[in-house]
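> Start from the sequences, fold in the hints, and give me the full structure.
Number of protein chains: 4
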Amino acid sequence: MEALIIHAPGDLRVEEVPTPGTLPHQLKVRVRCGGICGSDLHYYQHGGFGTVRIQQPMILGHEVSGVIEAVGSGVTGFTVGERVAVSPSHPCGQCRYCQQGLQNHCLDMRYFGSAMRMPHVQGAFRQELVVDATQAHRLAASVSDAVGALAEPLSVALHAVRRAGPLVGQNVLVTGCGPIGALLVVAARRAGATHITVTDVANAPLRSAEKVGADEALNVADDPAALARHEADKGHFDVLFEASGNERALAGAFAALRPRGVIVQVGLGGNMTLPINTIVAKEFDLRGAFRFHEEFATAVTLLNKGLADVKPLISATLPYRDAGRAFALAADRSQAMKVVLDFS
Amino acid sequence: MEALIIHAPGDLRVEEVPTPGTLPHQLKVRVRCGGICGSDLHYYQHGGFGTVRIQQPMILGHEVSGVIEAVGSGVTGFTVGERVAVSPSHPCGQCRYCQQGLQNHCLDMRYFGSAMRMPHVQGAFRQELVVDATQAHRLAASVSDAVGALAEPLSVALHAVRRAGPLVGQNVLVTGCGPIGALLVVAARRAGATHITVTDVANAPLRSAEKVGADEALNVADDPAALARHEADKGHFDVLFEASGNERALAGAFAALRPRGVIVQVGLGGNMTLPINTIVAKEFDLRGAFRFHEEFATAVTLLNKGLADVKPLISATLPYRDAGRAFALAADRSQAMKVVLDFS
Amino acid sequence: MEALIIHAPGDLRVEEVPTPGTLPHQLKVRVRCGGICGSDLHYYQHGGFGTVRIQQPMILGHEVSGVIEAVGSGVTGFTVGERVAVSPSHPCGQCRYCQQGLQNHCLDMRYFGSAMRMPHVQGAFRQELVVDATQAHRLAASVSDAVGALAEPLSVALHAVRRAGPLVGQNVLVTGCGPIGALLVVAARRAGATHITVTDVANAPLRSAEKVGADEALNVADDPAALARHEADKGHFDVLFEASGNERALAGAFAALRPRGVIVQVGLGGNMTLPINTIVAKEFDLRGAFRFHEEFATAVTLLNKGLADVKPLISATLPYRDAGRAFALAADRSQAMKVVLDFS
Amino acid sequence: MEALIIHAPGDLRVEEVPTPGTLPHQLKVRVRCGGICGSDLHYYQHGGFGTVRIQQPMILGHEVSGVIEAVGSGVTGFTVGERVAVSPSHPCGQCRYCQQGLQNHCLDMRYFGSAMRMPHVQGAFRQELVVDATQAHRLAASVSDAVGALAEPLSVALHAVRRAGPLVGQNVLVTGCGPIGALLVVAARRAGATHITVTDVANAPLRSAEKVGADEALNVADDPAALARHEADKGHFDVLFEASGNERALAGAFAALRPRGVIVQVGLGGNMTLPINTIVAKEFDLRGAFRFHEEFATAVTLLNKGLADVKPLISATLPYRDAGRAFALAADRSQAMKVVLDFS
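Protein chains in written order, with this note's numbering: chain R, 1356 to 1699; chain S, 1356 to 1699; chain V, 1356 to 1699; chain C, 1356 to 1699.
Take these hints with a grain of salt, some might be off.
Repeated chains share a single entry, so a pair holds when one copy, or any two copies, can fit it.
What the hints assert, rightly or not - Straight-line distance between alpha carbons at most 20 Å, and here's what the computed EDC-like set of lysine to aspartate or glutamate pairs gives:
hint	residue 1	residue 2
1	K1637	E1649
2	K1666	E1371
3	K1589	E1649
4	K1383	D1487
What the hints contain is simulated information worked out from the structure, not anything from laboratory work.
Dropping the structure here:
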C-alpha cells in the first residue's frame, strides 16, 4: 500500500509501505479520508514544533475515517464493511495516569503521526491501517467519510469544552478561528453557551466561524480595540477558549473576561509574556487542554445524530497523491479551513 | 383590573382587584399570557401541597409574559410597549444566602402565587402586574407571548441541568414527562447530552417528550422492566433527572444508573422509601433542585435566539375567564402538556 | 497456618489452612494485628447484611498489618522484615471503572473477607497472607501494629471526607459514633473542619469521639431535640457525615443542615424513608461513600507522620484464639470502640 | 489620635488625625497590634506596586487587632472591652459580584490602606478605628493581640488554599517563603496536605517554614536543580502555591508538577514569561488567588481553637512610633518574617 511520508521539511513523499498483520484484538481499516491538521502542516513546513522534531521518516496524519477490511479473531462488535472514524490515540492502560482516568497523559502513549517519541509513532495517512479495536468508532450512514475524518479535531474541541466546565448560559470568547477555533464554536454552542464571540486577524476564518454559529466575529487586526465594548464592570465573558497560540490574543482578552473567568488554553505557542497580576487580581483560572480521550466517542455520536454540524468547515477534498497541493492549500488561511485528503 | 383568586380547593374566582402604584424601581406590566403550573393545579385541586396550605385568598400564577405599561422613575433600560417575560422570584438581596449567590434560598423570598409564607405572596394571574425591574426580561419579536410564559418552567429545567454539572456526551434519563420533564429533555439536549431516555406511566406525555428530542421513550406502566436493557455493567446512565416525584420512578432507575451517577431530584413527592445501601455502594450523588435564579435570563436568551424550542409543549391557550376549563384541561395528562391562559 | 473461618452465624472457628505460594508480583506477609469491623460482626452475628449472605466457609477480616516474610521475584521496593499495613482492596485495573480511576467500583473487585461474590473472597484474619505488592504500605517505626491495622477504616473515613469536598472552615455534623464515625471526626479535622458536632444514642461512643477531637457530643436518645439549637436561619451545618445507617439520624439532621448542604452517607442501613421535599427545597447533595482507593496510602502517610491520632479508639487487643470473646466485646458499644486481634 | 501616614516613598509620618464618629451599624476599636504587610512595604519603599501609586497622603495598614471602645446603637452581639481582629475588607454587598458571593471582586470595594481607588481608602495603622460591625471578629483569650493581627494574612493563605480545592493526601509545593508562603504551609497542612516542600532563595525564611511544618525546605539559589528529585513520571506535586511573584519560581516548578496539577498564584509580580506549551500539554490549572472574604472568620476560628499556630512567624513587635525601624526590619528577609507594630 501507499503512505504519505515526511522525510524533512518540505519533503513529503508518496511511498510504498508494507501492511502489517492484524492481531486478534485489532482491526484492519481501509482508509478513505484524512484531514490535514496544524501539526501535520508544522511537520511539513518546519519539520516539527517546539522541541518536537522529525528524526526519522514518519507517516503523517491522525484524522482519518475508513472501512473495516478485516476483524481480529478476538474482536466482537465489528464486521467487515462497516465505516468507522479512527481515534489516533492509544494509551497503555496500565500507567499511573491511565489508572486515574487521565489517558491523555499516559506515560507510554502511542499517538498516530507523532514525533514526540523515538522511534516515532507512524501516522494514518496511508491506504491501510491496523488499529486496536478500541480505536474504531462506527459512523452513521448520514455521515460522509470526510466529515468522519473531522471526529478527531472535534474531539479536541470537546475536550477543551469539558475542561471549561458547564457552559449553559455562559458568554464565551474564542480567540483564533482556525479549524480548532471554529470547532470550539460548534462545541461550545452544543454545550449551551448563549453568546459566542470569536476573534481573528483574518476575515476568511471569521466568516467560517459565523457559518457554524458564532454570534459575533471581530477582526482584531483591523480594530485592535474591538473587544473594548465587552470590558464594562470588569468584563463580559465567562469563558475564553484561546486557540491562536498568540500571547496578544490571550493577554488582550483579559480586560473583557470577568473575575473568576475561565481560560482554556488550546493553542500552542512557545513562551508567552503575561500580566500575572491581572490573573491574580481577577482570579482567572487558566487551564491547559491537550488532546482528548472519551471525547472521541462523544464526537462520533454527535456527528452520527446530527447534533454537531462540521460540514461548513471542509474547504476541499483532494486525492492523497496531490498532497503537495493539499498541504499548500491547508496552509493558506484566506482560502482554506479544513482540507481533507481522499485515500479511496 | 381582574385577577384569578383561589379561595378554597375548587373555588377559583375571577375578581376585581386594585392595581398597585408603580414605585421608582418598578415596572407596570400588562399581562398577556400565563402558564398553568403543577403547583397552581395543586392549590386548585387540593388547596396546597405538602405542608403548604392556602390560608387566605390568593391570586394564583407565576409563569407570565406581558407588555410594559409604565416605567418607574428610577428604572433605566426599559420602555413602555416592550414585551417581557416576568420572573416570579424576588429575593431580598441582603440575607446570608443572597450574599452567597444562593438567592433561591433567600431567607425573605417573595415568589408570586406562593402560600409558603403569611401573608401569602399574591400571584401573577391578573391583568396588571407591578414588578421590580430586575424581574423583567425582554422578549424577541420571534417569541410569542405564550412561549414567553414558558420562560419560568424552562428556568426550572435549566437550574436542574446546572445542578447536574456538565452534560456534554452524557447519557441522561428523565423519569416523569410532565411539562418539567419535557423541558428537561430540551435543556439537557441544549447542554450537550448525547442520549436521552424518558419514562412515564402514560403515552401522551412520552409522545410530547419525543417531539422535543428524547431519543427513547419508555412506558413503565406497560413494561415495568423497560429499563432493564440499560442495566449491564452496573448501569448505562450518567445522570438521572427525577421529575415525577414518585419513589418507584426514583428507586426503579437505580440499577440503570452507573456508579457515581448523578441524580437531580426535581419532582416533589412527600416521603420516599429508598434503598440507601444502593446509594452508598454505587456512590450516587442525589441533588435537590429548587426553582432558579440566574437561569431565568438564560431561559429568555435561549428562547430569543431560537436555541430552545418549547412550542410543541403548549397544548392550548384559553381566555382567563375560562379558567375552570383551562385548569381541568391542564389536569388531564392524556390531553394536555402545558395550558396557557390568555389575559389580553 | 491458622485462620478465623466463619461457617454460619455464631459459628466462627480457628482452623488450619494451607499458605498459598508467592507469585512474582506478590508479597507474603506474616499478619500481626487485625481490627474487627462492623461487617465482620454482621457476618458473625447474622451471617451477612442486606442481600449479602455467607454461602460457603469464609475467612473473615480485612483490616490487617504485619511483617513481610517473602518478596516475589518481580517486586521492587520491599524487603523481608519490613512492617506494612495491607489494603484489602484488589481491583482488576482493566474494566471500564478502573480505567476511569473509580477502582472502588471495579467490575471484578476482589476484597478480602467479602461474601459479595461467589466464590467468596477469603479474608485476612490468618497468620500468613499473600498479597499483590500494590496492596502493601510501609509503616513507620512510630506506628504500632494495632494502629497500623486501623489504616483500613481510616481510609474509609478519608474517602468519605474526599466525597464531601473541601472542609476548611466548615461546620461538620457526624451522626453515629462507632469506629467509622469517630474516624470521620479525625479525618474531618485533618481536612480543616472548624466545628465538629457528633451525635449518637449512647454515651460511651460520644466520649470516644470527644477524645479524638469532636467539639460537641450530643446524645439524641436522651434529648431527641438536641440538634434544634443548630436550626436557625435554615441550618448551621455545611456537611453531614451519616455513619449510623439509621433513617432517624439522617432525616433528623435535615433541619440543622443549611441549604446546599452536603450529606455523605457512609452507614449502611437497608431501606430508609426520607422527606424528599426537604432534599429538593433545601437542595441538599446526598452522596454515597463506599470503601476507598488511593486513600489507603494517604491513611498510612497520616499515621506515619503523626498527622492523625487513632490510638484512643483502640479499646482492646486480644489473641486471635480468643476470637469469640473479642467479637462479643466488639459488639458491646458500651465497652468497646475498635477491638484488635493479635495474630503474633 | 495618631496614625501612620505615608506621604511619599520613604516618607512615613506619625501624625494626629481626628477620630470619626461611630454610626449605628459600626464599632469603634482601639487598635492594639498591626502587622506590616508586603504591600505596606511597597508603599513605603516605592510608593506603590504595579500601576497602583500613592496620589495623596494615606494611612497605611490593614492587619490589625484591638479592643472595642464603643458599639453603634444598631449593633448586637458585641460589647465594649471585647478583643477583636478586624477585617480590612468592606465590600458593597449590592453589586453584581457581591450578589454572586464573590465579594473580593466587589465593584465598589473599600479595603483599608489601599491606593487602588481615589480618594484612597485610609488604613488601620492608627490608634482608633471605626469599622462596620461585620468586619470585627472576636478573639479568644488564648490569642495574643499580635497573633490576632495575623488573622488577615492567614485569611489570604486560607483563600488560596480554598482556590486549590481539596488538599487531603496531596503533595504540595510552596515557592517563596515570606509571611504568605509560610502561612500557606500552615493552611495547607490544616487542609490535609500530606507532603509540603517549600523553596526560597534565602535560608532564614526556609527555616521559618520548617518551624511551621514544612516537610522539606529547598534553597533554589544554592541549588537551582533542587526540585529535579521530584520530576520523575511527569512530576510529583499535585498542587503548587506560588508566593514569590517570580517567574523563575513559577516556570521552574513545572517539571515537578504532575499533569492536571493545580497552580495557585498568590504572589504579585508584573509580567511573567511562561512556557505556555507546558501548561497546555500537562493541562495545568493556573488559578489566581486575591485577598479573601469568608476566610477571615475561618482564620479567627482556627486561631481561637488552636488549630493553626502562627506564633513562630512573628519576628518582633515594636512601638508604632518606631515605624521606620520596624519597616526596615520587615524589609530584611534575613532577620524578619512578620513584624508587628504595637499601638497600645
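> If you check each hint against the structure, which ones fail?
2
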